[in-house]
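Keeping their order, the protein sequence lines are chains A and B. Taking UniProt numbering, the leading residue of the first sequence gets 1, the next gets one more, and so forth. Taking UniProt numbering, the leading residue of the second sequence gets 1, the next gets one more, and so forth.
The set of hints was computed from the structure by calculation and includes no laboratory data. Just so we're clear, the structure is a prediction, and the values are computed from it rather than from any experiment. Don't take every hint at face value.
[To be verified] Which residues of chain B face chain A? A few of them, derived with a C-beta cut under 10 angstroms, are:
1) A77
2) I83
3) R88
4) L113
5) E126
6) S242
7) I246
8) A247
9) R254
10) M255
11) G278
12) G301
13) M309
14) P310
15) V330
16) F347
C-beta atoms are modelled at their ideal positions from N, C-alpha and C, and glycine is treated no differently.
2 protein chains.
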Amino acid sequence: MGRHSDNGEADGRATLSDVAARAGVSPSTASIAFSGQGPVAEATKARVLAAAEELGYTGPDPLARSLRTGRSGIVGALIPQRIGTSFRDPVIIQTLDGLAEELGQGGTGLLLLSERTRETDRVSLEAAPIDALVLLGCGVSSPAAIAVLHRRGVPVITIEGEPSAGVANIDVDNRGGTRLLAEHLRDLGHRDVALVTLALDVGDELAPLTDAALEAGTLRPGVARVHGARDVFPAAPGIIASGSTIADGRAAGRMLLDVEASARPTAIMAQSDLLAAGVVFAAQDLGLSVPADLSVVGFDGVRIDELPMPLTTVSQPAQEKGAAAGRAVVELLDGGQPESRCFPVVFERGGTTAPPAER
Amino acid sequence: MGRHSDNGEADGRATLSDVAARAGVSPSTASIAFSGQGPVAEATKARVLAAAEELGYTGPDPLARSLRTGRSGIVGALIPQRIGTSFRDPVIIQTLDGLAEELGQGGTGLLLLSERTRETDRVSLEAAPIDALVLLGCGVSSPAAIAVLHRRGVPVITIEGEPSAGVANIDVDNRGGTRLLAEHLRDLGHRDVALVTLALDVGDELAPLTDAALEAGTLRPGVARVHGARDVFPAAPGIIASGSTIADGRAAGRMLLDVEASARPTAIMAQSDLLAAGVVFAAQDLGLSVPADLSVVGFDGVRIDELPMPLTTVSQPAQEKGAAAGRAVVELLDGGQPESRCFPVVFERGGTTAPPAER
DNA sequence: TGTGCGGATCGAATCGATTCGAGAGGCGAA
DNA sequence: TTCGCCTCTCGAATCGATTCGATCCGCACA
Numbered sequence: 001m002g003r004h005s006d007n008g009e010a011d012g013r014a015t016l017s018d019v020a021a022r023a024g025v026s027p028s029t030a031s032i033a034f035s036g037q038g039p040v041a042e043a044t045k046a047r048v049l050a051a052a053e054e055l056g057y058t059g060p061d062p063l064a065r066s067l068r069t070g071r072s073g074i075v076g077a078l079i080p081q082r083i084g085t086s087f088r089d090p091v092i093i094q095t096l097d098g099l100a101e102e103l104g105q106g107g108t109g110l111l112l113l114s115e116r117t118r119e120t121d122r123v124s125l126e127a128a129p130i131d132a133l134v135l136l137g138c139g140v141s142s143p144a145a146i147a148v149l150h151r152r153g154v155p156v157i158t159i160e161g162e163p164s165a166g167v168a169n170i171d172v173d174n175r176g177g178t179r180l181l182a183e184h185l186r187d188l189g190h191r192d193v194a195l196v197t198l199a200l201d202v203g204d205e206l207a208p209l210t211d212a213a214l215e216a217g218t219l220r221p222g223v224a225r226v227h228g229a230r231d232v233f234p235a236a237p238g239i240i241a242s243g244s245t246i247a248d249g250r251a252a253g254r255m256l257l258d259v260e261a262s263a264r265p266t267a268i269m270a271q272s273d274l275l276a277a278g279v280v281f282a283a284q285d286l287g288l289s290v291p292a293d294l295s296v297v298g299f300d301g302v303r304i305d306e307l308p309m310p311l312t313t314v315s316q317p318a319q320e321k322g323a324a325a326g327r328a329v330v331e332l333l334d335g336g337q338p339e340s341r342c343f344p345v346v347f348e349r350g351g352t353t354a355p356p357a358e359r
Numbered sequence: 001m002g003r004h005s006d007n008g009e010a011d012g013r014a015t016l017s018d019v020a021a022r023a024g025v026s027p028s029t030a031s032i033a034f035s036g037q038g039p040v041a042e043a044t045k046a047r048v049l050a051a052a053e054e055l056g057y058t059g060p061d062p063l064a065r066s067l068r069t070g071r072s073g074i075v076g077a078l079i080p081q082r083i084g085t086s087f088r089d090p091v092i093i094q095t096l097d098g099l100a101e102e103l104g105q106g107g108t109g110l111l112l113l114s115e116r117t118r119e120t121d122r123v124s125l126e127a128a129p130i131d132a133l134v135l136l137g138c139g140v141s142s143p144a145a146i147a148v149l150h151r152r153g154v155p156v157i158t159i160e161g162e163p164s165a166g167v168a169n170i171d172v173d174n175r176g177g178t179r180l181l182a183e184h185l186r187d188l189g190h191r192d193v194a195l196v197t198l199a200l201d202v203g204d205e206l207a208p209l210t211d212a213a214l215e216a217g218t219l220r221p222g223v224a225r226v227h228g229a230r231d232v233f234p235a236a237p238g239i240i241a242s243g244s245t246i247a248d249g250r251a252a253g254r255m256l257l258d259v260e261a262s263a264r265p266t267a268i269m270a271q272s273d274l275l276a277a278g279v280v281f282a283a284q285d286l287g288l289s290v291p292a293d294l295s296v297v298g299f300d301g302v303r304i305d306e307l308p309m310p311l312t313t314v315s316q317p318a319q320e321k322g323a324a325a326g327r328a329v330v331e332l333l334d335g336g337q338p339e340s341r342c343f344p345v346v347f348e349r350g351g352t353t354a355p356p357a358e359r
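Sequences are here, hints too, so could you generate the full structure?
So, in structure tokens, the structure goes:
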């Protein structure tokens, strides 16, 4: 623009038109030379590339290209909490990994968005240049978020989200999997079973599980897993943990176990392996041995190296879940209509369950 | 465009011009009404907003706005490996957390890019619509990456990167911190000290530490920490771990400890707390007690809940590091010239170090 | 030699907003 | 009453590429 310097340096970066001019072709031809979207003579293409090289032109401006094509090549991933918190959960990491991997194949990038952001929330969601959005186990604000995005024409995929009309949802069999574990415990002879649940709602703190909290719960995985457990043990009490961490599991475990022996459950079903590991540690803290004095089951199938024995759990294909979401996004962007999907879980007998001790 | 339907629905999404026309003002005025970048009469603004509401217009198209303003509102974060791998390291998570938090304040999003991608690597880096790029402890390809981005006019910040000219680098005192730990061990009376290092180069596998590997190392943190340790124990041997995980630490620990007693080191310096925890477990596996039979130190200051005692380590402000990088990015985008910075680490005496046992 | 055809290239419109200079009123001060 | 200034609004250029239809050229075939 401004001053036309002879060398391609200076402040004004070279544009495709500059390159075209230098190569003695029209901008349209130069564009084709770069994108390959059309026939170009080899010689012409070489000339354009040479001109680009001389001008230090590294390729079409992504912003301009996006405007014209209507695609940014970016997919948003909305996580429920801030990164430091959400990313402590290996299941989220694995899911994100599968998602990023699948999208990366097509050169699509992943933009991290957090549901938790205050003011900027609406702003960034509304103003983010994304071609699609994936909600990872998000709660409350999802309906609003989906509405806004829908109006902007940005398609949405949910992972373990609220199954709403017209939005493909990638799920795992939370209820069935938990039921499987509960049946395992019942078959071993357990009757006094307590739960340690994931957060049922955004902002949940460590607290006893109440029917009200269960009713009001908006976070699917936790709610569904409670139902799965109660399918077998209808009256099972529990503690709601705030995060899926060993520390939270340990704290919840203490609350359940640090009581007189007669009131102590013989088994604890934790809704994640991390929580379960915490419960095992809590038991050890109190001098209880697992599984002799207490059986513990988890959920997820995450290997916890530091545990003395493998957990009895169900494993879910977290990475595959993310990959499936990625493929769904690709299909969506290709004009397809991806279907919802529910992955099965696999029961894994570990060393943390046994028949209850004689009383 | 195409068909002009009376209702704002249908395929053709409303544009700012449509809104302006409906409100009876010019596009320029409508633009100002939305952005607030200029004086508008309250009444006019209300009329524009009402028209927008009627048309289902949710705000300016981010793509078009980006083209015009030259800003996408997105900053890229380049991580060394795929998400599932890089994100197992709590330090990276915390750093990213601080970064995202700081950027989020200004409504800037974080685009995840992985150095590891094969073909798409150059493509996505070159074609990503980012205003700046943050390199998180990346190795080999960094110089090339920086060159490409530089030509595109995208500024770069590195975290624990190669201090190259014109690029601000956010660092921690890796060498000094490790030296501190080494001196602590020396003061306790240790002489036979072995190291468990982080990967020194992209693609490192579990292997003994050699001078050649150290020379060739491109990943700053690992290399600098080896030097810090050797400042005090010049001949300390070691094992290079591939990732910063408990499992890798355990494996490396076994290699160092599963030998005849006389050849066994009395202390092991692991370059991360996760590795250190693994070493502690390895010692337990072999029936050695920590710190009586073996002292262990880590690096990072990450709390490892499942360890029976706190680690002796140095803690680094990982989140603060990310936040500093975020502020540097903001400053850069405001036309400033942020300076490199090196954070100090703090020695923390835990329960994993003691004088060596008598031989 | 005339016609048809296909590949290469070009022109011009377009994507949707932002921005700057200019114009139009309205109001207070001289 | 007139001049000047301030506030609000408008027009038009611009950001940098993509894309569609039209044109042009050479070559094969009748």
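At a threshold of 10 angstroms, is the proposed contact between M255(B) and chain A supported by beta-carbon distances?
violated (17 angstroms)
May I ask you to test the interface hint for I83(B) with respect to chain A, counting a Cβ-Cβ separation under 10 angstroms as satisfied?
For I83(B), the interface hint holds, since the closest Cβ of chain A sits about 4 angstroms away, which is under 10 angstroms.
Closer than 10 angstroms between Cβ atoms is the bar; does S242(B) clear it against chain A? Give me holds or violated.
For S242(B), the interface hint is violated, since the closest Cβ of chain A sits about 15 angstroms away, which is over 10 angstroms.
Proposed interface contact between G278(B) and chain A, which counts if any beta carbon pair is under 10 angstroms:
For G278(B), the interface hint holds, since the closest Cβ of chain A sits about 8 angstroms away, which is under 10 angstroms.
R254(B) as chain A interface residue, shortest Cβ-Cβ below 10 angstroms:
Nearest chain A Cβ about 13 angstroms off; hint violated.
Classify the hint on L113(B) as holds or violated, based on whether any CB of chain A lies nearer than 10 angstroms to its CB.
holds (7 angstroms)
Restraint satisfaction for A247(B) [CB to CB of chain A, less than 10 angstroms]:
The hint holds - A247(B) has a Cβ within 10 angstroms of chain A, the shortest such distance being about 5 angstroms.
Any CB of chain A closer than 10 angstroms to the CB of A77(B)?
holds (8 angstroms)
Chain A contact restraint on G301(B) - CB to CB distance below 10 angstroms:
It is violated, given that the least Cβ distance between G301(B) and chain A is near 15 angstroms, above 10 angstroms.
Can we keep the R88(B) interface hint, with Cβ of chain A closer than 10 angstroms?
This interface hint holds because 7 angstroms falls under the 10 angstroms limit.
Would you settle whether the hint for V330(B) is holds or violated, based on the nearest Cβ-Cβ distance to chain A being less than 10 angstroms?
violated (14 angstroms)
Return the status of the interface hint for I246(B): holds when the least beta-carbon distance to chain A is below 10 angstroms, violated otherwise.
At 5 angstroms from the nearest chain A Cβ, I246(B) passes the 10 angstroms test, so the hint holds.
In summary, the numbered hints that this structure violates are 6, 9, 10, 12, 13, 14, 15 and 16.
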